[in-house]
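Produce the complete structure using the sequences and hints provided.
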Amino acid sequence: MNNIVSKARTRRAREKDRAERQRIRPRSRNVVLFTLIGTALWMTTVVLLLTAQRLPRYVVGSTARNTVICSVPFTTEDAATTRLKRIQAAESVPPVFRLDNSPATAARGALAELLDGAGTNRAEGETLRKLQEQLAAAGVDIPPRRFQQLALSVDRAAFLDAYEAALRRVLSQGIVPAEARESRFHNLAVHDTIILESTSGTVTTKVSRLLVPREAAQEAARRFRALYRTGKFNLKDLTALFRPWSVPNVTYSAGRSQQLRKAAEERVKPVRITVERGAPIVTAGDVITPEIQERLVLHDRLLQQARSTSDRLRSRLGELVVLLLFLIISSGILLVCRPPTFNSLRELAFLATVCALTLLLTAAVLFLLQHFPAIQGVLLAAALPVALASFLVTIFMGGAAALAAGVWTSAAAAMMAGRPFDVFASGLLATVVAATSARGVHRRARLFAVGLWIGAAGAVSATALGLAYCVPVSSVFPSAALALGSGLLTAALVLILIPVFESIFRLTTDIALLELSDLGHPLLKRLAVEAPGTYHHSLMVANLAEAAAHEIGANPLLARVAAYYHDIGKLTKPEFFTENFQMRSNPHDDLAPSMSALVIASHVKEGVSLARRHRLPPIILDAIEQHHGTSMISFFYQRARQQQEQAGAPRHQRPVEEKDYRYPGPLPCSREMAIIALADAVEAASRTLEKPTASRIENLVHEIIQKKLLDGQLDQSQLTLRDLATIRRVFTFTLTNMLHERIQYPEHETERERLAEEPSAGPGQGKGTRTSPGE
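Per the working numbering, the very first residue in the sequence shown carries number 290; after that it's consecutive.
These aren't lab readings, by the way, just hints derived from the structure by calculation.
Don't take each hint at face value.
Straight-line Cα separation of at most 20 Å, EDC-like style, residue types lysine to aspartate or glutamate; simulated pairs [as the list claims (entries may be wrong)]:
#1 Lys948 - Asp1004
#2 Lys814 - Glu791
#3 Lys814 - Glu864
#4 Lys862 - Asp878
#5 Lys495 - Asp589
#6 Lys374 - Asp389
#7 Lys551 - Glu486
#8 Lys948 - Glu864
#9 Lys374 - Glu554
#10 Lys558 - Asp526
#11 Lys862 - Asp879
Next up, the structure:
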């Protein structure tokens, strides 16, 4: 006897040691995984920190609070002087005008037609009348008879050549409107000088040498008389002959003028100055200009280079230690506020990926800002996408994890930017806003509303920092507008990344859960047709779980949707579950208790298989696996014990063991999963109440919750005693409303009496017997 007791004790001790090792092993593995992932994130941040472009310590447009004295002499460009010299060089370039000589060719052709018309053999009256019409149409103010005499007295070819040459010479000098020469051209000219460009070349001339149409016609007439000496011509008639084609032919060329001025600016070499040691770079109260900011940045860089190698190494080492401290702080926040994350490799990898992506984008923005130094101060609070991590983490994992991610990314981004207070304060504000406004986002359009909130937070922080640094109001308002735009861009990026992360990490958002809540899902439609009792049971469990989750601050949408699918495994053998008997015989009457227990327990495994085939998210698989935990299938366990006792089993026969009649688990690992487990058991048991009064329902709910608690089914659920009290109250209230009694109508009395006189259904008939609560 002592030997048997000793062996039993030894066996129990071994089983206890084995269970303890199995409990410790996953925890040790999780510690290793967390260490590896945290180290990878830390090293990634270190690389970004060492390579990132830092923002200057002084903001353009702000007022310097202290006087900065040069400690290391350096040579830099005197941008103001260089800019002044280039402006002077550009202003010294005369404006360019285009010269059009085409009127000379057109005038020759028109004059040739007039000469031909004056020399035709027509009657004199008809010729003069026709010639008068031609002269009037051409604008030549000469009597037709005098023009006819002129036409008949000249050598036509030589006359036309001299006419064209004289007109072309005048046109090449430039003709402008009379009123424009005294106003517009003098205003555009540089020292009364302009550049005339034509097909024949480019010349520089004085504005005073430009001709007006009246002067041009007179000058052309004088030049014609000098070129065509045959015959005597009236100067007045010659002037009238040139007047129609002595028109303005000079137009301003803005593009060509700008091109020459730009070339003149580029020929000016930068003016460089040397800032000596002890000279002030900026004086307190001065406004920080881009030139002063550039000198301050250069001075800081030279100071860093002048430091010894050991000093630089100590500085970098201090930054790395600070990064490590913030990583520990973030991990502590996560450990206190959301411990289950450390048991999920997917969630840890997701957190690290999102933080690394946010810091990578921050480094990219810092790099881009180096090419726009004038707007660095304005864009500081708006352009750095620090809120991306907290936004995404809130949607996937909740506000507690988002706070941990936001603290880490804000600290790392602040150190990367070289502006610790500005970026860290702005990042923390954006983190809090994202963690509060992104909770419970069920629709994708709602993401842009969250983006507006984040943008508004960025605008507030940018305005506050602008006021603190005495930045002009003209720069603060653009900063606020850019912050709003940055928030919307962050929301657009989150909208793109959500399906990517859902696919990679198999995590589930409320948006995906809302899509799964559609009762038209193929699995739920099958459940309604093939197992209507289970379908109705799932709906009732969903109502209970949603109400309880809402009251204790859990995720009600997750509780409701997971409850819809928690019993889909019963689709493989629906007839073996009491809610689906439908007046048929009980199939368990023909099975051994152990076989019935196997069939009942198999619906968990079958449900997981069905869920995977339909690509349901892992959180739904957790609900299927955990909604029974490792609870006992008590009905068949008691039946097996009774059968063994009644049969008087011999000593060598293996006794009935509890482990053979327990579900495989695991235990519920979250509040939502524990609520579903309790709702499943309570709803199933409530159907056995003959008279579901409020007191009976309350006692039943209390008994079931107490039983689950004492059985250790809630050990990993994170539910507090206060949560359990709230759940008990909600279950009692909801079930009382669901199972209320109806009044008895008089016309049904006869029917009830007839049914009461009929013999009751025998074993295996009627409603049947439930195997156990929640089975």
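Do the hints match the structure? See the list:
Simply put, Lys948 and Asp1004 have alpha-carbon atoms about 18 Å apart, close enough for the 20 Å limit, and the pair holds. In summary, the hint linking Lys814 to Glu791 is not supported, as the alpha carbons are separated by about 25 Å, beyond the 20 Å threshold. Note on Lys814 and Glu864: the hinted pairing holds, with a Cα-Cα distance of about 17 Å set against a maximum of 20 Å. Of the pairs offered as hints, the one joining Lys862 and Asp878 holds, with about 16 Å between alpha carbons and a cut-off of 20 Å not exceeded.
Straight-line distance between C-alpha atoms of Lys495 and Asp589 comes to about 53 Å, which puts the hinted pair past the 20 Å bound. About 34 Å separates the Cα atoms of Lys374 and Asp389, which puts this hinted pair outside 20 Å; it is violated. Between the alpha carbons of Lys551 and Glu486 the distance comes to roughly 18 Å, so the proposed pair stays at or under 20 Å and holds. Distance check on the hinted pair: Lys948 and Glu864 sit about 25 Å apart at the alpha-carbon level, beyond 20 Å; violated.
A C-alpha spacing of about 8 Å is found between Lys374 and Glu554, which places the hinted pair at or below 20 Å, so the restraint holds. The suggested pairing of Lys558 with Asp526 is violated, with an alpha-carbon distance near 58 Å, which exceeds 20 Å. A threshold of 20 Å between alpha carbons decides the hint, and for Lys862 with Asp879 the separation of about 15 Å falls inside it, so the pair holds.
When held up to the earlier numbered hints, the structure conflicts with 2, 5, 6, 8, 10 and fits the remainder.
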